[in-house]
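Per the numbering used here, residue 239 is the first one in the sequence shown, and the count goes up by one each step.
Hints are not guaranteed to be accurate.
[Claimed, not checked] Label pairs and their in silico Cβ distance ranges:
| hint | residue 1 | residue 2 | range |
| --- | --- | --- | --- |
| 1 | Glu416 | Pro299 | 26 to 32 angstroms |
| 2 | Asp373 | Asp400 | 36 to 42 angstroms |
| 3 | Asp325 | Gly440 | 21 to 27 angstroms |
Quick caveat, the hints were computed from the structure, so don't treat them as lab data.
Each residue gets a CB set at the ideal place from its N, CA and C atoms; glycine is no exception.
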Amino acid sequence: MGENKLTIPIAVIVAGALIGGAIYLTNRTPSDKPTDTDIKDEPQVPAVNADDHILGNPEAPIVFVEYSDFECPFCKDFHNSMHQIIDKYGADGTVAWVYRHFPIAQLHSKATIEAEATECAADVGGNDGFWAYADRLFEVTPSNNGLNLDRLPEIAEEVGLDRNEFEKCLDDRKFRKEVSKSYQEAVDSGARGTPHTVIIVGDEQVPIEGAQPFSSLDGFVQSILNDGGFIGVPTIEEEG
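Work the whole structure out from these sequences, hints included.
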């Protein structure tokens, strides 16, 4: 993200990363419930569109929009948890998962080019190519800037993509602007660290922070289904 002029104070980003194991609804105490006013006052993420990377039914009543960093270890854990959610609720069309990019270069200098690599995978192999590449990338990276970038074209081959097309796309930095735009959207929507996720139900959005385990995500889905919206969704405190 070399051309991005936005600077986020590093202390804020580090704090956001360190709460990756914490689970809470942004800036609410345990006794608070998200009201209609609260929801409308929250910064909103852009609506899901045809350019998004979607796993599950695009018309699902519950949509998780995730902003993530491929070198963030908490994101790696969350990626696995979200796959469990899709395994449980994706087949019947209840839940969809949208992946967007939030590579925090101050912490992970390799994350931006990795995000661009997944976009090249989508360019070569469509939505399936994106998800296959993203899954494999999270699988092989040690996290915290530990991946050898020479692996990027190898991963393309491993998931069945045309290596030459992929390498040309990546060498040309074809999706640099798109990744930068996604990063800015995350910041504008109030993201303070990764993973940053927003649950969308109809016209309502509620942000959650941190690498929530499957059990917590499942609880959110069940509460929404039982109450027909966010009214019954519990506020989750930061875990020690």
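Honestly, do Asp373 and Asp400 meet the 36 to 42 angstroms range at C-beta?
-> Violated: the Cβ-Cβ distance is about 19 angstroms, outside 36 to 42 angstroms.
Distance restraint evaluation - Asp325, Gly440, Cβ atoms, bounds 21 to 27 angstroms | 24 angstroms, holds
Is the hinted range of 26 to 32 angstroms satisfied by the C-beta distance from Glu416 to Pro299?
-> 28 angstroms, holds
Comparing the model with each earlier hint shows a violation of hint 2 alone; every other hint is respected.
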